[in-house]
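Colleague: Which chain is which? The protein sequence lines are A and B, in order.
For the first sequence, the working numbering assigns the number 90 to the initial residue and increments by one for each residue that follows.
For the second sequence, the working numbering assigns the number 307 to the initial residue and increments by one for each residue that follows.
Just so you know, these hints were derived from the structure itself, not from any lab.
We put the beta carbon where it would ideally sit given N, CA and C, even for glycine.
Listed next, the in silico DSS-like pairs over lysine-lysine satisfying Cα-Cα at most 27 angstroms (straight line): (1) B:Lys367 x A:Lys233; (2) B:Lys356 x A:Lys227; (3) B:Lys450 x A:Lys515; (4) B:Lys496 x B:Lys485; (5) B:Lys480 x A:Lys233; (6) B:Lys367 x A:Lys227.
Computed footprint of chain B on chain A, listed as stretches where at least three residues anywhere in the stretch have a Cβ under 8 angstroms from a Cβ of chain B: (7) 314 to 324; (8) 507 to 516.
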Amino acid sequence: MAASPHTLSSRLLTGWVGGCVWYLERRAMQESPHKFMHLFRNINKQWITFQHFNFLKRMYVTQLNRSLNQQVKPKPEPVTSPFLEKTSSGQAKAEVHELRPISPPSLPLSRKANEKELIELESASVIEASIDVGNATKEEKQWKEMKLHVDDLPGILARLSKIKLTGPSSVRGVPPHKLPGACHRIALVVSTTSAGFALAPGPFDWPCFLLTLLGTGLASCAANSINQFFEVPFDSNMNRTKNRPLVRGQISPLLAVSFATCCALPGVALLTWGVNPLTGALGVFNIFLYTCCYTPLKRISIANTWVGAVVGAIPPVMGWTAATGCLDAGAFLLGGILYSWQFPHFNALSWGLREDYSRGGYCMMSVTHPALCRRVALRHCLALIGLSTAAPILDVTTWTFPVISLPINLYISYLGFRFYRDADRKSSRKLFFCSLWHLPLFLLLMLTCKQPPGGGSDKGEPQS
Amino acid sequence: MASLRSGRRTVVSHLCRAFTGPGSHLAPERGAPRRDAAPSRVSRFCPPRKSCYDWIGPPDKCSNLRPVHFYIPENESPLEQKLRELRQETQEWNQQFWANQNLTFRKEKEEFIHSRLKAKGLGLRAESGQKATLNAEEMADFYKEFLSKNFQKHMYYNRDWYKRNFAITYFMGKVALEKIWNKLRLKQKKTIN
Chain A
90 MAASPHTLSS RLLTGWVGGC VWYLERRAMQ ESPHKFMHLF RNINKQWITF
140 QHFNFLKRMY VTQLNRSLNQ QVKPKPEPVT SPFLEKTSSG QAKAEVHELR
190 PISPPSLPLS RKANEKELIE LESASVIEAS IDVGNATKEE KQWKEMKLHV
240 DDLPGILARL SKIKLTGPSS VRGVPPHKLP GACHRIALVV STTSAGFALA
290 PGPFDWPCFL LTLLGTGLAS CAANSINQFF EVPFDSNMNR TKNRPLVRGQ
340 ISPLLAVSFA TCCALPGVAL LTWGVNPLTG ALGVFNIFLY TCCYTPLKRI
390 SIANTWVGAV VGAIPPVMGW TAATGCLDAG AFLLGGILYS WQFPHFNALS
440 WGLREDYSRG GYCMMSVTHP ALCRRVALRH CLALIGLSTA APILDVTTWT
490 FPVISLPINL YISYLGFRFY RDADRKSSRK LFFCSLWHLP LFLLLMLTCK
540 QPPGGGSDKG EPQS
Chain B
307 MASLRSGRRT VVSHLCRAFT GPGSHLAPER GAPRRDAAPS RVSRFCPPRK
357 SCYDWIGPPD KCSNLRPVHF YIPENESPLE QKLRELRQET QEWNQQFWAN
407 QNLTFRKEKE EFIHSRLKAK GLGLRAESGQ KATLNAEEMA DFYKEFLSKN
457 FQKHMYYNRD WYKRNFAITY FMGKVALEKI WNKLRLKQKK TIN
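When you get a sec, could you build the whole thing from the sequences and use the hints?
Modeller: Pasting the structure below:
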């Protein structure tokens, strides 16, 4: 009989995860500002359904697995060089340019010609002045008072902690309703944590589960806020991130730091005393890793990708330790799966964003070591097959799991191989989009194939 | 580079002044009902007189950073003045760096495209009349080169930016505490009276 509440709980959780996905999809359809959510270190982990996937296939969307570097471009847009860009604002200046040739710098033959030139020059300057005035009033309207309205604060803080996406103007040229589905970042971190909790052996403890989710969510809010605090000038120069609250001056850096502290302290306290100290320690470590290691490293060395993969791998480990109270093989397996997944996902994404990285001064493999970038992506696609085989060996799942997950693992490996061989935008996009649906499906399959309690050795009771 | 080095010296001297005590500072403007520390780049914007907040503008065309008009209150304390000057100076330094960065990037990118097209024997214009471009794989060489060439510059910038950001936030905290303290003192005086 002990088996049934447990099986019921894991089935409930599978249903919950599915419901979560459905809910996110509905929210995505309703809300106008749509953007992808990020994991702890702003990894693009898209919790999307197949419908989103189709939506995405129609869009030319590239996401960066690093904060700041996402760019959503309208489709289809040819790669334009600066040659085609107009340095001046639009038509107005073009008119002025047309007028100028009328008054050529030739010596006046007669006074009449001289006067004519003067009149033309004057008219040109008058038009220019009126254009300038027009531009000036337009510019003036865009100035905003830096006064914090209390009503706006919840929305601003939601954007700061990446709970909510930024406004519709954030994506150049793309109307809001055409943007792909919203993925709330905190919800993603929380989802991977809950997957870790659900996959851990032992009876399913709902209070512990909810405390873990709350604590992890708060810790993630704090980390995201600090990340945005550090990256204001870089965010300003990237299209996706240029509408963040700190960039727009909606809140001050002091407020961002205070908010982060107010999230981190209760979050970590909740994890340490409400769940267990190990989970609390992992939470602190992850915040530290994301804000103090990954964020600065992005501009120093390509090692940031590996650090970032660890940051993404920790939430499911936290879920596992929350349920079992110890770091055992299953926790490392889950962490390993998330770690491996980051590479095909991010490396494929970063392939299309090399220009932005270069201009912004970001050290990414795709820019400095392109061959390594593709090799690592392929390597980790294959590692996923190995890890799914290790799952039943470590008593996390039954042997059904490697069998049923083999098709999707083979497919992503195939795309990884194509990316490795072709090294072009098309193959990178295919690999990226595949990774978006691969992870949720992979985790769902794991949940459905979870080892029933009788089959595995008993792990410790969850400490609460 | 020279401007960055001098910028760093200014930061260091600024921070030293901030920590040791009030040094020389600009005499506050008097007379106008609203006083402003306007961004030094050309901006014809003037905030309304009755507003006592900072104003933030649209992103600059070159640097993509948003300029801020700092409000100077009537009874600005030395600490508030230090904070404002630090923010003003950081803003200018940031604007300069990013404007330079973006312009240099664009210029070098054009030169690269130019030289590659020449090497290929192609003209600058495609058949359609538009300017010719290179594909992403060809541009990748340029991006790699640009990044490695400017690595040191980016390192110095990062270090300075982090220092300034922390200093500004620290002073904001101090100013906030000072304001709270003054308010409490005022309340205390009122209750005594």
